[in-house]
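> What follows is each chain in one-letter form.
Number of protein chains: 4
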Amino acid sequence: MNTFGRIYRLTTFGESHGPAIGGIIDGVPPGFRLNTDEVQAELDRRRPGASPLTSQRRESDKVQLLSGIFEGRTLGTPIGFVIPNTDARSADYEAMRNLYRPCHADFTYERRYGLRDYRGGGRASARETACRVVGGAVARQLLAAEGIHVSGFISRIGKAVRSSADEDFAPLEHEVEAARAAGDSVGGIVNCTITGVPSGIGAPLFAKLHSELAAAMMSIPGAKGFDYGTGMQAAECRGSELLDLFSSDWQGGIELSSNHSGGIQGGISNGQPIELRVAFKPTPTLLRDIPTVDRDGRPATLHARGRHDPCIALRALPVVEAMACMTILDQLLLTGHPLFI
Amino acid sequence: MNTFGRIYRLTTFGESHGPAIGGIIDGVPPGFRLNTDEVQAELDRRRPGASPLTSQRRESDKVQLLSGIFEGRTLGTPIGFVIPNTDARSADYEAMRNLYRPCHADFTYERRYGLRDYRGGGRASARETACRVVGGAVARQLLAAEGIHVSGFISRIGKAVRSSADEDFAPLEHEVEAARAAGDSVGGIVNCTITGVPSGIGAPLFAKLHSELAAAMMSIPGAKGFDYGTGMQAAECRGSELLDLFSSDWQGGIELSSNHSGGIQGGISNGQPIELRVAFKPTPTLLRDIPTVDRDGRPATLHARGRHDPCIALRALPVVEAMACMTILDQLLLTGHPLFI
Amino acid sequence: MNTFGRIYRLTTFGESHGPAIGGIIDGVPPGFRLNTDEVQAELDRRRPGASPLTSQRRESDKVQLLSGIFEGRTLGTPIGFVIPNTDARSADYEAMRNLYRPCHADFTYERRYGLRDYRGGGRASARETACRVVGGAVARQLLAAEGIHVSGFISRIGKAVRSSADEDFAPLEHEVEAARAAGDSVGGIVNCTITGVPSGIGAPLFAKLHSELAAAMMSIPGAKGFDYGTGMQAAECRGSELLDLFSSDWQGGIELSSNHSGGIQGGISNGQPIELRVAFKPTPTLLRDIPTVDRDGRPATLHARGRHDPCIALRALPVVEAMACMTILDQLLLTGHPLFI
Amino acid sequence: MNTFGRIYRLTTFGESHGPAIGGIIDGVPPGFRLNTDEVQAELDRRRPGASPLTSQRRESDKVQLLSGIFEGRTLGTPIGFVIPNTDARSADYEAMRNLYRPCHADFTYERRYGLRDYRGGGRASARETACRVVGGAVARQLLAAEGIHVSGFISRIGKAVRSSADEDFAPLEHEVEAARAAGDSVGGIVNCTITGVPSGIGAPLFAKLHSELAAAMMSIPGAKGFDYGTGMQAAECRGSELLDLFSSDWQGGIELSSNHSGGIQGGISNGQPIELRVAFKPTPTLLRDIPTVDRDGRPATLHARGRHDPCIALRALPVVEAMACMTILDQLLLTGHPLFI
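Residue numbers (my numbering), protein chains in the order written: chain A, 16 to 356; chain S, 16 to 356; chain Y, 16 to 356; chain R, 16 to 356.
Simulated from the structure, these hints should not be mistaken for laboratory data.
Errors might be hidden in some of the hints.
Stated by the list, open to error - Below are the SDA-like pairs computed for lysine to any residue, each with C-alpha atoms no more than 20 Å apart in a straight line:
no. : chain 1 : residue 1 : chain 2 : residue 2
1   : A       : K174      : S       : C252
2   : S       : K174      : A       : E256
3   : Y       : K174      : Y       : R195
4   : A       : K77       : R       : A35
5   : R       : K77       : A       : P99
Bear in mind that the values here come from a model prediction, so they are computed numbers and not experimental data.
This is chain A alone, in the form it adopts within the complex:
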């Protein structure tokens, strides 16, 4: 299934070394004055080669919007878009044609499909996330009109941590550089906060708001864990430590003494900021020789040549935000929340 969402739906296509990647955004509310420059700007945020910390693959990543917009406003019809692939050095991967890269999807794709496009990971390449960013950029503008804002920050890289975007990023940056210097890679955690979500958004049972967010985040390449509010740490606590008490000067809205619930109770938003975290593994592509096997199980050595990111968490940040934007907008629409357009 290459479709995400229920009402606001993104369907994507594309291999990293084919002619193009792209997608279709369905369920876009009509009559919205869309800023297409902002869509491109979001895409630029994740573009490789933008920082010395990330892959040196240089993609222009220019998105072409092909439909659904007329005289500057959305029509309510699907927005089809294409992002041409450029600077795809397939030759870099020729040597890997018959090799399975450890911890990559090479082996599993072949088991699932019987064949694969081995060039740069093909469909399994993180390049597909560019399409998610386009879908998220459109959603972000619609959410902003509702007073809903999504923002994330890197809270951990390797052993270095910080508790807010205001804290110094240098120690985390150092972890990335140290890993790169060692021809290694390093993991990290992305925190994301969604403010302005009205109370009453979401659903009980199987489509809980945090359940939908978990599925969205875990679908990002490299994601290994998800939690919200107090999260995993709640397992160590007593109930009396985590009570979010209603403040006594409650005025019909909701005001709580704390936000251990992370803005969601029983799968439905309570009006507080939604707080979530996504943990990313270090990329298994290392700039060193790795012992592996070929398609016949014969021992082989992998001489990595592809350009890669020593810390995928860095480039995952705008993707986490994009998935959050799409999920929240989808839930607003599913709940029948009227939009201010």
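Chain A is fixed; fit chains S, Y and R onto it per the hints.
Showing chains S, Y and R alone in chain A's frame:
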């Protein structure tokens, strides 16, 4: 949405204090000789009142299977079932009619629906998980015929931990008793392992196998976090520490030096055991007075009277297994994996 | 798939000779004061044995609503219901255990599932339509609150026709009696009109309003054809004969000189009455000996013993209305049309 | 919803006068050697300007396949495609900016979305069917490998009819020319036969095979009616006239004395050819002045200038076949039918 799954689908209904809860299991493969006693046995595992550590509410929880089975075998048609509610002491909750219990779904349900069945949490009650266990019990039997087995254990309660089901449970049990003695509650973590899943099950992109598992697990009442394989801890590691190398005596199947991947690579199973964890918060229902507000925001005091579980992780264990069984079976069917029936 | 609808969803279960049939209605808007007597009354309309023209099988058909309603109002949670099977004379069907009834689903079910409940058609029995009537009865009440009304009539039985519910039904009734007297059966057509649907409901492309209605109607047992507006006859016409012209005293709403479009243009409602027709075949169950084959292909003779309806179109009428009610309500909700509750 | 299908899914985008139309085909089985020339050839069948009987709009209609194919074989990943719009004379439509064309989707789209791309019908243009033909062309090749073939013919245009593709088309052609000469248009019926479908494909209840086919066909622009087998005419018959009897030399497969059932019984295929009909209305775009109203309801006259088809049934033929191909393949996959790839 009260439906779980894509091909193997469970749809449930029921408030905790209504006449009954129940559901419909659709997509059950035909011709399977179903052991209905085992279905009831699974249900008995989660029944309250079964242990001094859990709620003293005594439900007989007898499931009635109403369709889809003929002469002992499944017909391929939906299995409808009902579990009558008994011993529902609604009077216990009358006092809470106009109060919002902190960290419960009372406030959010009213914001979502405008009204709620305040008795025992109504639809938001963990009682609905009995229906998940029925759906999981049917799936478990079908998986067993494929050589696929799902088993879990409690790896943490509060400060006490253990790394396998073989280790002593007493320290964890003590955490529960200590919490109960204090009129408090405590969180915990459920680990779950799925063995025998063939390689090639799952999908890339948005419906990754671990993404589907995350959504399934996070939909369980009280779940606050999910991870798989090395999980959250991967964020602290270097890539070189987490490489699952193909063993050189690989024989067409797959044998790895380690399982940091948790049995899933690129969203598709690799044939190794699937390892996941789910963190549960302590129940916010405490046996002590709690300050709160009523529906008009006036300060009030909550005198808890309902029977409850000091550690929902304990009763979540069979539910985690049930959700795992349904998710894996659904993925096998979605992948078009032929079943040995 | 035993689920109908996208937002307002009905999932059903049950074999005609099992302990019960039933279903779950999901997506019911909350806070609606539901008249449960009217739900039973709708069910009584389709009950067999209600008229000398229909099957003499006597089902009490009492529906039990098990959830989703609290203090007389809908909760927004699923409404689970059960209709116990009574007076199921399975013995009537023992002789048919190994026989395939011509033009029934006996042979195709066995090819699809490998086995079947041969008693009274099992899941393939028209008895399942009782569940559709329950789902439709709830939808009908919600639509009435919106000023939307659904009503149908029999426009043809065999050679006898009429163009409105006001015309004499006697000639059509005579066709049924003549067929019954000959141990035969006869086909018919049900017309259905939906008034009060606001303009702008539906969707273009694949989920056109008439496309959804066609799927709904064709899913009724015995349906062989569907059309709307001028329908099949449009194939014989010139475009100039079918123009629905906007009246010049158009006042912001819409007023047309005619309704060849049947209330739908481009898959979206235009505010005019929606007019559709469904053709039903004569039941292939005849009260005479029929040559057939057994499961091994050996020639055999079928001595019909089951009670049946000489004209299923008669009992299909309330089912057509029920499917129309569910489809229109589902589309209103999908379009985000606010309900007056 | 701009997505068709459950497993084999086509999602489309595009306005008739935007830069391009296109789509994404998901659920394509992997490892299939796809003939891309045949895909283009199917597209050429529906291209306007191909015959004096159809619109003179000249579209090159060259499809660009952007993904999902590697070294000549399908990858099992989505096939994204784009068809650039050329020769779109928007100026032709400027005069219609504020006018509602009778029996078109102009008025209803504005009611649904609040705005519309008035150029050539925008999203409502039959041009979108080019994308359906691409999706159908890929499905057709997969079906051919299974021995399943789909072919249709025009059985009626206006008053002229024929009962097979072998009969003379001239009388029907004359009806088109007569309509065109009068600046008028004319309706027609497309018959479609699907051979080679194994028995046991489809589902009971709501997703009956003919129910899915009805939805697919009625979603084609201009479709007004659908039936299968004896179809609408069954309403006039006695049951004894429509019995498809099992032949006595039945050999485990199925052989029937007739095919009144149209290859489907109880919503599941029986192995006989599937026979269906779709009725199309005459296009409401006439080459004559038509009285109408503008967006403010003021009387106006429509001077048609756009190029159009006097008989949309002619160009609907390949679209009917395409929808049949996609529906049958989707059902084969949904039923878990193994494909010979």
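> All hints are to be evaluated individually against the structure, with a verdict given for each.
Hints versus structure:
At roughly 8 Å between alpha-carbon atoms, K174 (chain A) and C252 (chain S) fall within 20 Å of each other, so this suggested pair holds. The hinted pair formed by K174 (chain S) and E256 (chain A) meets the criterion: a straight-line CA distance of about 14 Å does not exceed 20 Å. Distance hint between K174 (chain Y) and R195 (chain Y) is fulfilled; the C-alpha atoms sit about 15 Å from each other, no more than 20 Å. A hinted pair counts as satisfied when its Cα atoms are at most 20 Å apart, and K77 (chain A) with A35 (chain R) qualifies at roughly 17 Å.
Note on K77 (chain R) and P99 (chain A): the hinted pairing holds, with a Cα-Cα distance of about 18 Å set against a maximum of 20 Å.
Violated hints for the displayed structure: none, as all numbered hints are satisfied.
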